[in-house]
Amino acid sequence: MATKEQIRDRKTDIGPPHYEGFLCPTIKRNYGKWRYHEILKPGVMVHISETGDKLWTVRAGSPRLISTDFIRLICDLADKYCNGYLRFTSRNNIEFLLGKSENIEPLIADLEKEGIPVGGIGRSISNIVHTQGWVHCHSSATDASGLVKVVMDELYGHFTNMDMPAKLRIAVACCLNMCGAVHCSDIAILGVHRTPPRIDHEKLPKICEIPSTVASCPNAAIRPIFIDGKKSVEVDEDRCMYCGNCYTVCPAMPIADPLNDGVSIWVGGKVSNARSMPKFTKLAIPYLPNNPPRWPEVTSAIKNIVDLYVKNARNYERMGEWIERIGWPKFFELTGIKFTKYHIDDFRYAGRTYRTTTQMKG
Amino acid sequence: MATKEQIRDRKTDIGPPHYEGFLCPTIKRNYGKWRYHEILKPGVMVHISETGDKLWTVRAGSPRLISTDFIRLICDLADKYCNGYLRFTSRNNIEFLLGKSENIEPLIADLEKEGIPVGGIGRSISNIVHTQGWVHCHSSATDASGLVKVVMDELYGHFTNMDMPAKLRIAVACCLNMCGAVHCSDIAILGVHRTPPRIDHEKLPKICEIPSTVASCPNAAIRPIFIDGKKSVEVDEDRCMYCGNCYTVCPAMPIADPLNDGVSIWVGGKVSNARSMPKFTKLAIPYLPNNPPRWPEVTSAIKNIVDLYVKNARNYERMGEWIERIGWPKFFELTGIKFTKYHIDDFRYAGRTYRTTTQMKG
Amino acid sequence: METPLLDELEKGPWSSFVSEIKKAAKKSKKAEGLLGQLELSYKEKKTHWKHGGIVGVKGYGGGVIGRFSDVGEQFPGAAQFHTIRVNQPSGWFYTSDALRKLCDIWDKYGSGLTNMHGSTGDTVFLGASTDDLEDIFCELSAASWDLGGSGGDARTPSCCVGPARCEFACYDTLALTYDITMTYQDELHRPLFPYKWKFKMAGCPNDCVASIARSDFSVIGTWRGEIQINQDAVAEYAEKGLDIKFEVVRRCPSKAIKWDGVKLTINNSECVKCMHCINVMPKALRQGEDKGAAILVGSKAPIVQGALLSSVIIPFMKIEPPYDELKALIRKIWDFWDENGVARERIGELIQRVGLGNFLETIGIEPSAQMVIQPRDNPYIFYEEYYESE
Amino acid sequence: METPLLDELEKGPWSSFVSEIKKAAKKSKKAEGLLGQLELSYKEKKTHWKHGGIVGVKGYGGGVIGRFSDVGEQFPGAAQFHTIRVNQPSGWFYTSDALRKLCDIWDKYGSGLTNMHGSTGDTVFLGASTDDLEDIFCELSAASWDLGGSGGDARTPSCCVGPARCEFACYDTLALTYDITMTYQDELHRPLFPYKWKFKMAGCPNDCVASIARSDFSVIGTWRGEIQINQDAVAEYAEKGLDIKFEVVRRCPSKAIKWDGVKLTINNSECVKCMHCINVMPKALRQGEDKGAAILVGSKAPIVQGALLSSVIIPFMKIEPPYDELKALIRKIWDFWDENGVARERIGELIQRVGLGNFLETIGIEPSAQMVIQPRDNPYIFYEEYYESE
Ligand code: SRM
Ligand code: SRM
Ligand code: SRM
Ligand code: SRM
Ligand code: SF4
Ligand code: SF4
Ligand code: SF4
Ligand code: SF4
Ligand code: SF4
Ligand code: SF4
Ligand code: SF4
Ligand code: SF4
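Residue numbers (our numbering), protein chains in the order written: chain C, 1 to 362; chain F, 363 to 724; chain V, 725 to 1114; chain H, 1115 to 1504.
Excised from the complex, chain C in its bound form (with noise of 0.2 Å):
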């Protein structure tokens, strides 16, 4: 254990080792100078630099959880091919970073060798941003790294080849909490709970602050009661719809529920701003049944669901583009989605949502 003296001699507030340190000669020389770029097959792109300088990029799938053991592979890598220079991407890809094309044959020889798949780059399916699930976090309806591995196998094709019309972007988040851009993906995994929180009547007063955990809650479910003389909460089973918020302010309102906890089908969001503006996304389906290992009803109605963009979307269109050209009426047609209560907004902006024009196909 760390003695007294070694805590108060560490440096603290440091900051991260500054980033020049590890950028490769090539990019150094070429820092903002990049004029263009080629996308060469699946996972290999080249930039060209206004110097004239190349630097050639392989990307590579990571499960994001990973062991050192892991690391110390794609380091050997990346010494063997690219003087140990790498980074990892926004969606926790490993990009090699390459001053000699040669390389990438070799390098992409290894990856395979290994089991770790090229692609992800241009019109792909790019790895899923995820969040901890049962792996780590108390809040998760769900587990994000077992949906992403049966959600990838399914559409591994789709990752190391670049046959899709436009960038697909799908996102697992383990609750409402929504840690990521669950919101704003082409397709989004959600876990859900369906029951409103169970309160620890003994517990509460002692943790849990009451008007904190009062406050908590979006939409005024939660009451302050005394129960035998001793404060507490009670919560309105009517207005509650489910968010665990109040289980993140007060642990004494556990809301996990192995039974009815599940996952909701989200679609058409995009963060670029890129032909149309920045959405979010919306909700396709419901809820369908936790049913690890493989959630086979998860990866079908992806996997329904991409299908049929690829085959209708065009080039360059986005999920939720493409939704709007052919219009959502059309989207449960095709997808075979039943349109039911639950996708009709009542929170907030639910009002500006509602048809209100005749404006309709069909």
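It is possible that some hints are incorrect.
Okay, the calculated beta carbon distance ranges per label pair [to be verified]:
| # | chain 1 | residue 1 | chain 2 | residue 2 | range |
| --- | --- | --- | --- | --- | --- |
| 1 | H | N1382 | V | T989 | 32 to 40 Å |
| 2 | F | L670 | V | A1067 | 41 to 49 Å |
| 3 | C | K41 | V | G985 | 41 to 49 Å |
| 4 | H | N1382 | C | A220 | 44 to 52 Å |
| 5 | V | Q909 | H | V1363 | 54 to 62 Å |
| 6 | V | W983 | C | K41 | 23 to 31 Å |
| 7 | H | P1436 | C | D79 | 34 to 42 Å |
| 8 | F | N465 | V | K964 | 25 to 33 Å |
| 9 | V | A1067 | F | N581 | 56 to 64 Å |
| 10 | C | K80 | H | G1402 | 38 to 46 Å |
Keep in mind that the hints were calculated from the coordinates and are not lab data. Note that CB positions come from ideal geometry on N, CA and C, so glycine has one too.
Start from chain C and add chains F, V and H with the ligands according to the hints.
Structure of chains F, V and H with the ligands alone, referenced to chain C:
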């Protein structure tokens, strides 16, 4: 005065006369059989039936607030040229329905002699839909008929000609109750109060119900209080946005204030489903002074907007469609209207009006 | 009487309401009173009408708006100046005889001033005295006229000119309006609703009666199936100078139209029935033959919770007498409103409060994706089914 | 240990996190504990982590997320399984040496399991025991690493690859991220804010770091002036089979592009700088030369008041060291938030609550029409100036 017997014997709940009795023979013959129409010149159109019959319409402007003399005059003209058949439009114009085209010019000549304008059909500015104002309403922040008169004087040539890119619909309402369709007009002139209601604590308890007075406020600005032991209410002036709804519910809270009442200008709404969906009108000018009898600030502001629209919009492009094409920043730039914090929404759906994209011109 | 300010409003080319008041003032003390009071308002920049005042005719709860002057002593003619809302005929069609009869009654008792028409659609008599109300109503009734709505009732329904003179009417707006008006005479005359209720009937998506913006129940004509094209007439429009590519093809919101200079084709499954192409070339294009209407509910002005447009609850319904399906729907909505609405809550606000989904469920309509612009984007779902552990 | 359910997740082509846990479990009791507990979760379909628990290192309020198992007796390795958030280098660039050093430290004390990276951007160590926290931090610090944020503080800023490898970067995202991270070390390590605060820096409107969706303060590169066109390169794309009319011209949201088969022209005053044309033809098109960024604030996930996207508060700002203007702005916003925010209220929610107009006024930014999609459509205006009667 009506006797008890008369009152007892009169018929109730008979509803209006059946419309069939008011349809001219040509209409009766061709009811539901019209094939198409042609606009022949300003204020004149012809409808052609599948039977081959034709019906000519001459449309004339009316100030809506009219005397029986005026009605008798148009009745005489209808007798002279249309066998006594005529109608009014949803925008308060008079339509003479002619079975013979020979009658068009003499009718128009007679109308002109009487100072009644002919026009309003097709790509023109039609009559202004308006409300009561000082002529008849306790709630008014301005006069409606007067504003209509001065604005139509200014825009007269656009009623009697078809020189607009598309239809342009103007509405006037004398308070936020917006009797009419001010909230969905190409241009709306809206009377506004700008100071909180003044409370008559003497009268209030006697004539108003406290709970419904409190409930009337959209912004929860009204609280019940006791004044000298008597129940009354007080207004949190910081929360009041001068909607006047409390005054509607409680006469002891008058809101009219000659010094501060005035007029606001709104643009870009529409009702039809043609091309774009129906749209609300949006704020252009938050406040112009009440300057009767001829409101020069208002007429010149409207003229400015109309001139720019005529000059820049494409055919069939309604005001709101034009503005959306060029963008609101451009609208403010072209018109020279200052964009202020008042233009930024802060009511219910405000959040969805912020610019959540980097897509911007300029 | 000197009215220097109002006199300014007799200048300029547009017809002058001041001249109208003056004409009436020549014959009526009431109109004269109004003229004086209005001049005062123009001078002081404020209204001189007092708030409300309950007046009416026996057996009716609505149809008359009480109006008293706060300067009645100065202008005795304006002291009592109530409005009588006379239920207009469907489509605002009249004969000169009928109009003259109305004028006779009004000249006898009132100010001689009218609104042709009020924004809801009524034939409006402005300026009656309390004592004359019953007489006026007796005479109106004898001449086959009845009062319109006011207060928390079904207001006077109104409609566009429809099949009487318009080729675009997808159902008979006049007939429906008359039928609805007659069917709901009780609801129209005796306010029992939480608040006002407005019906408006438009024959097609052009919505010439602005129903989508200002009626609790909007019946807007539309069609299914293929737009019928007369290619010769298309060619004729083109010859006469219409730039079909720019004015029609490019303006189609669903990009459903093709024009190769000779032939116009429409992809009807894409068409959102906006009317634009038909509006521009009415001789060449006709709506599909399966006609009916979309039913939308809930539009209103801003008070209290903000302005609303009507929203679709039935994407398509056939509209044919005796309109049973439509009336059953109206009844269900009224029951829902009665049960759930709070005072002064319009149906649109109530739907916003309880959620469109719950509303549809209660009145027994299957939700459809056509009813929304987009599905929800927030995850706050009120799941209703769940498994119980044993 | 038997893990029949998890074993199913070693099948299929995508790399398996289960295999990773197993690899770690070979060397670490902690990882072994996790494996067992996770198998149990898969069986019971529920999490076995307890809620929170405050742990940390001395002098820091954030950077460690306490995590305790509720089946710690069954799986002692998992009993304490805290997260350490290590502040990643700008742009997630590493050398193998640096990474190996991190692995060494982590193998020594922890589970050997990491997230490369967490959704906020940190290098995440999963599975530390309370007693080891100080040691780990000492070693990290000695190796020049520091902790990231957690709790009500400025979270670890992150950025896209930017000028390091992207031709589209309109400002130096890495430099700004580093500078901001260093400037606000105190705010990052000692939670004093009403709630979390996230910075994200994207070099251009493509927003490869999803800043507009998940950062309280989004700096997104953009430009002014004319897109530079290399007509030869355009021709080259066309020759190689790009259908410029369909893929570029038609997809331009502002219809600003013309292509006659030989020459491409752009109406730059119409262009909304969406990047699409440039994305499709990076060799042929380059952004205008006057580069900078738009500043947007307020995006977040749904809790509590619903998800938000960031909204524009500065349409264009030059982004150059020492970033004084930017930092002055940040400070003003923080002051505003400090003063007005309630507990657990993100800046975006606060702005929604007080209104964007009031927010701008308080922090001294002139409102501009660029900041909204449309002006207000409701008449509920809080007029602030008025005349007093004498
Ligand atoms: C490496 C990375 C940045 C980083 O710092 O890590 C990156 C790199 C590039 N992005 Fe990106 N983007 C990266 C995440 C993103 C994200 C964020 C995300 O996915 O969470 C977005 C927003 C996605 C969204 O809208 O939901 C993003 C939206 C884009 C776009 C716009 C796509 C569109 O049409 O909407 C482009 C333009 C394009 O692809 O032509 C783009 C283009 C590019 C280019 C071509 C830029 C360049 O010239 O170098 C780079 C290679 C593209 C590729 O992967 O096809 N990048 N890019 C990220 C790789 C993630 C991954 O591993 O897959
Ligand atoms: C007579 C009237 C119906 C009635 O029952 O009284 C009527 C009659 C016709 N309307 Fe209308 N509209 C009438 C009020 C409206 C309204 C309501 C309003 O203005 O308050 C609208 C909605 C306006 C809006 O969107 O804000 C309306 C939107 C249209 C449109 C769609 C215009 C657009 O492009 O947005 C058309 C189509 C067109 O003009 O080609 C149309 C077309 C027509 C046609 C051509 C229909 C026909 O074939 O007969 C009629 C003559 C048009 C004209 O005036 O140019 N009518 N029309 C109303 C005349 C009002 C007046 O005196 O000016
Ligand atoms: C006379 C008329 C205006 C006109 O000059 O045409 C009118 C006049 C009044 N309206 Fe209206 N409304 C009139 C059509 C409308 C319309 C248009 C429509 O019906 O198509 C609307 C907008 C649509 C709607 O219903 O929302 C309208 C929205 C209001 C409102 C706001 C209602 C809301 O929910 O937002 C109020 C205030 C209220 O109800 O408390 C209101 C209240 C009033 C009152 C009764 C004033 C009050 O606060 O009690 C006005 C009586 C004035 C008077 O003394 O003459 N009036 N009012 C219209 C009725 C004439 C007729 O029967 O034909
Ligand atoms: C580890 C991480 C997920 C991951 O697997 O990557 C994570 C994990 C947690 N997040 Fe998160 N969030 C993580 C990135 C995010 C992001 C994405 C981002 O930062 O770009 C978001 C969405 C953006 C945002 O901030 O809104 C996010 C939105 C939330 C929220 C909802 C906040 C909101 O305002 O809506 C909560 C709940 C809360 O704050 O009460 C939350 C709360 C949590 C807690 C602390 C659980 C809790 O209720 O206290 C989770 C701890 C899990 C654990 O034990 O490991 N986390 N969280 C991410 C941080 C790793 C890192 O430092 O790099
Ligand atoms: S999304 Fe929810 S369950 Fe998943 S890591 Fe974030 S807070 Fe935990
Ligand atoms: S789960 Fe959400 S909605 Fe339900 S009581 Fe808790 S905070 Fe309120
Ligand atoms: S808009 Fe207001 S002031 Fe004008 S008539 Fe209607 S209620 Fe009266
Ligand atoms: S005027 Fe409107 S906002 Fe002001 S107190 Fe009255 S009801 Fe409330
Ligand atoms: S709404 Fe349609 S049917 Fe009715 S008058 Fe207008 S164009 Fe004709
Ligand atoms: S009716 Fe409208 S949507 Fe349909 S084809 Fe014509 S223009 Fe297009
Ligand atoms: S956001 Fe722009 S600058 Fe940054 S990596 Fe993506 S494309 Fe390049
Ligand atoms: S950047 Fe976007 S808006 Fe600008 S010209 Fe290119 S495609 Fe059009």
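Against the structure, the hints come out as follows:
no., hint, in the structure
1, H:N1382 x V:T989: 32 to 40 Å, "36 Å, holds"
2, F:L670 x V:A1067: 41 to 49 Å, "45 Å, holds"
3, C:K41 x V:G985: 41 to 49 Å, "44 Å, holds"
4, H:N1382 x C:A220: 44 to 52 Å, "50 Å, holds"
5, V:Q909 x H:V1363: 54 to 62 Å, "60 Å, holds"
6, V:W983 x C:K41: 23 to 31 Å, "42 Å, violated"
7, H:P1436 x C:D79: 34 to 42 Å, "37 Å, holds"
8, F:N465 x V:K964: 25 to 33 Å, "26 Å, holds"
9, V:A1067 x F:N581: 56 to 64 Å, "18 Å, violated"
10, C:K80 x H:G1402: 38 to 46 Å, "42 Å, holds"
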